[in-house]
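Novice: Sequence:
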Amino acid sequence: MTKQPFNHRAAVIAGVTGGVISGLVKLGWENILPPRTPERNQTNPPQRLLQQVGVPASITHATYSYSGHDLPVVSYMMHFGFSTTFAVSYSLWARKHPRAKAGSSALFGLGIFSAFHQVILPALKTVPSAKDQPMTEHVSEALGHVLWMWTADWVSDTVYRRLTK
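Add 345 to a position in the sequence shown, counting from 1, and you land on the number used in our numbering.
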């Protein structure tokens with residue numbers, strides 16, 4: 346079997362596809378195991394981060410209405426932007442370095458969880474320090490990040506193989 350050359354375009358398309366679908370999976374996960382209390386979710390971390398850099402609440406809390414529900418458009422843009430950015434990064438990195446896929450990408454997902462939810466966002470004062478967050482938040486976020494990245498990996502791998510067949 347001949348090894349095919351690395352196809353950057355296919356890896357990016359595969360990563361975007363995996364990022365969108367895994368972003369949907371992560372949203373579904375958070376409906377089953379919500380990571381934050383309703384009070385802490387009134388201004389969720391993506392909204393708070395944007396407000397910290399000067400985006401007004403009138404924008405960060407903007408909504409659109411669907412079927413009688415007001416949905417947080419800016420939060421969704423941040424959510425899917427984050428998901429897609431890391432899925433594309435992982436898609437490119439893992440195809441260039443196949444050993445990176447150890448643990449079916451679960452380790453990568455846990456690494457992203459740890460980096461953002463336990464270090465970066467607390468350091469920026471976007472969320473409380475890791476020790477001040479409820480255990481339910483850690484459980485939801487850790488498991489959600491594993492499932493998110495596993496889905497991104499599986500979908501992007503499938504799309505990449507189909508594009509490069």
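Calculated from the structure, these hints are not laboratory results. A couple of the hints might just be wrong.
[Claimed, not checked] Per label pair, the in silico range of CB-to-CB distance: (1) K470 / V365: 29 to 35 Å; (2) P443 / N376: 19 to 25 Å; (3) R506 / V365: 15 to 21 Å; (4) L369 / P479: 42 to 48 Å; (5) R354 / Q396: 34 to 40 Å.
Note that the coordinates shown come from a computational prediction; the quantities given were computed from them, not determined experimentally. Just so it is clear, CB atoms sit at the ideal spot from N, CA and C, and this is done for glycine as well.
Novice: Hint compliance check: list the failing hint numbers for this structure, sorted ascending.
Specialist: Failing hints, ascending: 2 and 4.
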